[in-house]
Amino acid sequence: MTFSRSRLFIFSLLICFLGSFTVLAQDDENVLLYGGNQDIDNIDPAVGENYSINAALVSLYDPLFILRGEEIEPLLVDTWEVSDDATVWTFNLKQNATFHDGSPVNAAAVVYSFNRLLEIQGPPVYRWAGIADLTSAQATDEFTVQFTLLQPFAPFIGTLTQLYIVNPAIVEANRGEDFGQTYLKEQDAGSGPFTVGRWEIGNLYEFVAVPEYWGGWSSENHPDRVLWIIRRDSASQVNSLLANETHIADTIDLRDAERINGTEGYHVESNAGLFVNTLKFNTQGEYTSDLNVRMAVSYAMNYEALPQVLDIPVELMPGPTPLGMAGSVADLEVPTFDLDRAREYLAQSPWPEGGFALDYVYVSGLTFEEVAGLVLLEGLAELNITLNMTPMLWPDMVASCSAPESGPDIVNIYTQPAYLDMDAHLFNQYHSTQWGSYNSCGFYSNEQVDTLLSDARVTGDQAARLEMYAEAQRLIAADQPAIWTYSQNAVLGFNDCIGGYVFRPLESLSVLFRDLSMDNCPTA
Amino acid sequence: MTDTPLLQVRDLQKAFPVRGGLFNRPIATANVIDGVSFDVPRGQTLGLVGESGSGKTTIGKCVIRLIEPTSGQILFDGLDLMKLSGRELRERRTDMQMIYQAPGASLNSRMTVGQIVGEALWLHERLNGWAARDRVMKLLEVVGLKPEHYHRFPHEFSGGQQQRIGIARALAVRPQLLVLDEPTSALDVSVQAQVLNLLSDLQREFKLTFLFISHDLGVVRYLCDQVALLYLGKLVEIADVNRIFDEPKHPYTQALISAIPEPDPDEKRAIITLSGDLSRRRPTRGCPFAPRCQAAKLEICDTVEPPLIETGDGHRVACHLHTGAQA
Amino acid sequence: MAETPVLVQPDRDGSPRLENFRRAVYRFRTNTLSMIGLIMLIFIVVIAVTAPYIAPHPEDALGKTRVTARLVAPNAEFPFGTDNVGRDIFSRLLLGTGLALQVGIVIIVLATTIGVTIGALSGYFGGWVDEILMRLTDIFLTVPALILAIAVTAALGKGIINVMIGIALVWWPGFARLTRSLVLSLKEEPFVEAARGLGASHLRVLFRHVLPNALSPIIVKMSTDFGFAVLTAAALSFIGLGAQPPTPEWGSMINEGRDYFPQQWWVATFPGMAIFLLVFSWNLLGDGLRDVLDPRSRR
Amino acid sequence: MPETLLDIQALHVEFKTFDGVSKVLAGVDLRMERGDVLGLVGETGCGKSLTALAVPRLIPTPPGKITSGRVLFNGEDVLQKSPNEMQRLRAKHLGMIFQDPTTNLNPLFTIREQLVDAVLYQRMDAQHVPGRWKGFLPSARQTRLNAARRAVELLGLVGISDGDKRISDYPHQFSGGMRQRVLIAMALAGEPDLLIADEPTTALDVTIQAQILNLINDLVKRLGLSVLLITHNLGVVAHTCTRVAVMYAGRVIEQAPVRELFKNPKHPYTRGLLQAVPTRHTQRGDLQGIAGSIPNLNTPPGGCRFHPRCPQVMDRCQVAVPSNVVVGQDHRTECYLYPEGA
Amino acid sequence: MLFRYYFLRRLILIIPLLLGLSLLTFFIARVLPGDPVGLAAGPQATQEIKEALRREFGLDQPLPVQYVTYVLDLFRGDWGQSLYSRRDVSADIAVYFPATLELTITAIVFATLLGVPAGMISAIYRSQLPDHITRVLALFFVSFPAFWLAMIFQLIFGLELNWFPIGRRLNALATPPEAITGMYTLDSLLRLDFGTFALSLQHLILPALVLSFGSLASITRITRASMLEALDKDSVRMERALGIPYRVIVTKYVLRSALIATVTIISLEFGWLMAGAVLVETIFDWPGMGLYAVESSLRLDFQPIMGITIVYGIVFSLINILADFIVGVLDPRIRYG
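Chains as they are written, first to last, in the working numbering: chain A, 1 to 524; chain C, 1 to 327; chain H, 1 to 299; chain V, 1 to 342; chain U, 1 to 337.
Isolated chain A (complex conformation):
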């Protein structure tokens, strides 16, 4: 009896270890294994928006314009015209674009997709709020769309990178009561180079290449399949990459980067993006409404320490805007870590001796934000100012940003422009009409700035616009409504077999799978 029992045990052990040698079926197709830190919640282009969703959408769908590198390239659009007042935009579409079912991507589909976005009023729609309505888009002929905006809007093309064209036939067939939202949650109706494969929620998502993609592939060795494997943990991200369980890993910190670069066959791409961290002062707050206090606090921040403690590659900010953005002003005088200057400023405030406390609010659990607070806390201690580190649940933080009364003294916010234009960076943060959303949690109000930002929106001339933005930046910097800390690099770990990656300052973490090539990629 004992004998048989032990045999059973050995047998079960064998089964276990045999399992690890089971050869997973592999043809000679290129399977790209992507280690993604985040779930892909929903792939309805009218509903979702974040880096993982965007990576999926841009693979499944084609937008009118696509971000490639630092440029906005026409994708479905062939040629276009704009009226002088930046109100009427006319786009001529490429005539060879087809949806996955073979039907053409025509003007009607564009109008349908745009109106669907407006109807559903999902998160992506704020770009066109007040700018376009259901009458704005019109198909003037089979392949020509004309947008007549409600007001002039110069950065319009930038917003069109988020207008993914859906196949009206499929959506209508699955319209249901919610404009096809249920259907499009996990299925695509696009014209993009990939279509949906295995879809295991919370675990893994598969994108299957469309062999005869209308736009053609940039490489012969394009991925035949992309597996988005959720790796929430940064340690397991790196381990999987180095174990060839993934080919690209998207959560890499400095030490991981060293490890990857130090390993033969792997490398890291680290580029300054437009993902910007700021500590916003509540400019309507009890203490922080005082410019001297804001200046004092800003001078007490040990900026140089940040890159060292953050473990991620960052670029310190030269002012309100990151360097990589067209129109950024580089020669602003911004505070440095200088406790003497800080004391001078504080001395001019109503509280020359300090002795008050400021709340520092950040999203609980986010180490970067916590560490930045710790650095500030140490500096403020020298000024006899207490910093109450206040971690909050994200929705709580959002709620507290809804009005100046509940707004925290200092809040740590990451921002990213919604489209590649200075407008997208400055307007929502510093225009006084934007109060209430958490990007404008500083409750900044300056009439001159308001005017400049509004005017720049409606000006067609790009040079003139940039001049306005430069002026606005100078004004904002003088008011110091925030401590501009750093912009965070996008860091991706690659297996050397992956080619064709081009960094995009915007959408910096969303990899364009369609441009990648694979050269004998190893698979564990």
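Derived by calculation from the structure, the hints in this document are not laboratory data. You may find that some hints are simply not true.
[Unchecked claim] Listed next, the in silico PhoX-like pairs over lysine-lysine satisfying Cα-Cα at most 25 Å (straight line): (1) K23(V) to K252(U); (2) K165(V) to K252(U); (3) K92(V) to K81(V); (4) K65(V) to K233(U); (5) K252(U) to K16(V); (6) K233(U) to K263(V); (7) K187(H) to K61(C).
All values reported here derive from a predicted model rather than from experimental measurement.
Got chain A; can you put chains C, H, V and U on it based on the hints?
For chains C, H, V and U alone, kept in the frame of chain A given last:
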């Protein structure tokens, strides 16, 4: 003492709900005590005898309303206890106390003897401090304990001594009636004798009335003036102690008495052995004792329940053999 | 009444309460494991009290960072190494000891207070009171503890105090059930009936007769639950709901160290060990207390 | 010369308690012949149950411990036997029943399961008994079936006539008296030489007690059983036993044939006991108890352990333990009132 | 009272429990100060967009109306949508729940297989060396923070020794078995796909083991205590007196009574493990209810929180009823009422 009995129990009934069905609602009732009536004259002792499960303890607790009877009348000194409100009842509690079967379990093991007896004084006379202490000391002396026991915990005493503490606590409120629920059944013979003697002395000294619950006929014979026999919640016989022992009428009484093991090897009596045991399920009709009855059974026994009938000299019995039903 | 009773117990000095206590101590002392637990615990308490004086870098618990000495491996100056902003982990552990103890104590005391009250009322009065309170308890028992704790923490706002309240709110049903069952059996005891028979009020019976006798199992549960409460609080900190930085809270220290594991193993390892030691010592102690106080295992 | 079945010699047993070591048995000498029904009488805590438990070696160890003495059963010292030999001895030669029939049956198993096991282990050697799992084998199944048949017979023997039906019931479906009968049936399954009955009727009502005593008397007559009957009830002894031994505080202080003891008690404790039972002749106020209560066995009184309660105490009683003296036909006691060799 | 009546009643009583539970969760979730709509609508959402979202999710209605609507929808099988991902809660739970269930069941099996024998040994050798060792070991393992132990185990057994994969339910390239129960091990067995079974088992062992430690001590302790109690019973003395070998007494008679208490504690522990699985799930990247619960809670995403609570409520109740049933089978004395 020919005035009204201190305690008069009339048609006492206690039913427990039987639950069942999908929602566990009461669907029927089970009568644990079924129409019991008796009197206990002042200064006397009534013995309530029956096997376990006969309902004798329930009667004891109903009498002092530690359990709410379902129906019936309990007249204490002419006062109907059933009509008292909670507060009034709490005040009348002074007059009637209970002595429990398990002396250890009836004492709070977290309190000292002084606290246990003292609590009774506090509750009824708001007596505390030195005055209470003196009274407690006196009570301890009365029940045969020593002053140095004042600070000790119950578990440090033997069973007999624990029972004395219980008695002292009961006496503290100067009761008139003591319900003694098998006060000696957990004690050794030698100690049992001490406690019985103590009770007997106290009864004389304080003019106490006892309701003595027991299954031990030997003890009952020793201490009681009257004996009531209980079978399945009904009285089957009640009479003076001597009459019961000298001429028991009910077959059940006869069997019980014959089964007392007398400590005398020469006394060769015929033991009447009852078959079966006290079954919780009483027959639906007829005499509840009929299934076990050793006496010549009559047809009527299985059909009609015999009433409790006086056969003279306050001797009452519930048996067809004695109710003139033979004919 | 001729005879004089003889004492069962030999005469001895001192009050009986002291004697009881001494007997319990004796029984406890014979249990080696619980003695080890107790000694460990005393040691931990001593550390908690003296931490500000013995910690090499006490300022590290107050917001001092050391950018130049980040993630230093354990060495003479930093016995347990430093964390991601260069704080001495050893000092922070020492200075966090008091908080860790407080967390456990506050949670358990709160939970016991709520649970015992509800359980006692429910068990003693029975009927619809029991029905309502027990259904409430069931509901609280069924809510996933973590969700409720997160929700309560979110509702009450920031801070370790609210984490403690949150956990206590999910912790009390255990005590309520225990107390109820104890009270249910105790209220059938003759001594309780005797107290009622003497005319004692319900409150008096409950608080003077019933509850004191239910104390031992409750104390045992308190001591064994202590460790689990500390672990739960640490888990919430780990999720990111813990104490406000720079408070040296052990659970959040592990959380901070997680990003640096396994290369900089010391950042997470030492706080983990600290939690382990605290919980382990309580568990050992609780096991011993069970032997001493719990009648079921008293043989 | 009758055959000696059980001979306990100078048995000492100690119990470790938190208050110290309790000398529970302090030199018990007890002897019974085959065919005897020996009543072992005494009050709570006098050690009568422990004495009985020492025979099948069932004293819980720890905290209990047999420190010295011999227990000769059929001439062999059971204290020297190995655990396996003891198990066999209990199975085949000893039967034992206890006070509370409710707790002594396992409530989770049917009477059949328990009774069949009793039959099998008392009839067969342990390694041949088919277990539950092997019970599916045909041969083993047959063995258990046979045992079940025997079990029904045993139930009949103890007066449960519908045993074939009731055997499938669980203990809680039986009344107290029936359970005690079942226990007796189990104890008798192996036809033991000695039945040890530890307060078999104490937990029962008086009418049931009479039934059980009748049954034991009947079995003694029919099977020629030897019984060691432990009880505190002198009435039970008077009607059931042939000989009596009285214990006090860990020693047997008097033993005699039953009639002799009741008619002619010698030891003051025995006399006290007999006077403490109310009989039909006791008048109110006449009842005599024994003063005081039993001593603390952690610190027992020196000399005769009864001396603090003894109405006839003498100086020497407090110094040394009196030796066993013969005071009549087969009548021995331990008391200084009676001169040695008288 | 009849057996089946009793269980039928217990089943029916789950409904009011769930109502109470949902009420509690509903109002806790709704009185929170957070602004999940603002979060879900995105950083630059206008008031109109937020209002539209509120309207769509019915959050503009008075609370009682919202609750009643929710409950009515629930009875119609509509568990609502996540505010954040817009996915159906029921669909998400259908995916996440089996993962957690698989993990929890395996963990409780581990804890039982280790804890019950440990408790038995402990009881049989009371106050001797084996007893001390088992007790200390059980207390030892339960004293670790589970998430910390998970990290250490991952390091030792995953990265250093390379015995087990360090996370997830299955290799990325392996196809999970077609769902029957959603539990990979069970499904692969049912589909006779032994390779996948072995693979998923391999992934399962480490997280389940870490999770099981939390319950190991209580199961050991209860088994020990109830064994001791059972060993101390008069019936054991009687069985010994009958000459039944000790081995048989322990494994046949004593074990069954000891198991009665243990079954109850196992059912309670199951609930605890299920709720506590989140920590292990986080470390081992196990896509289960715990992760889902925490993510939803941190976002105050009402509908998933409600759905999760209700699922937990049902599972806890069913497990309790199951435990009662097993106890009823083990113990013939139990009367239902």
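Hints versus structure:
1. K23(V) to K252(U): violated, 35 Å
2. K165(V) to K252(U): Holds - the C-alpha atoms of K252(U) and K165(V) are around 24 Å apart, at most 25 Å.
3. K92(V) to K81(V): holds, 15 Å
4. K65(V) to K233(U): Distance ~20 Å between K65(V) and K233(U) Cα, so the pair holds.
5. K252(U) to K16(V): Measuring from Cα to Cα gives roughly 30 Å; hence the hint is violated.
6. K233(U) to K263(V): Outside the cut-off at roughly 40 Å; violated.
7. K187(H) to K61(C): Roughly 15 Å separates the two Cα atoms, so the pair holds.
Hint violations for this structure: numbers 1, 5, 6, all remaining hints satisfied.
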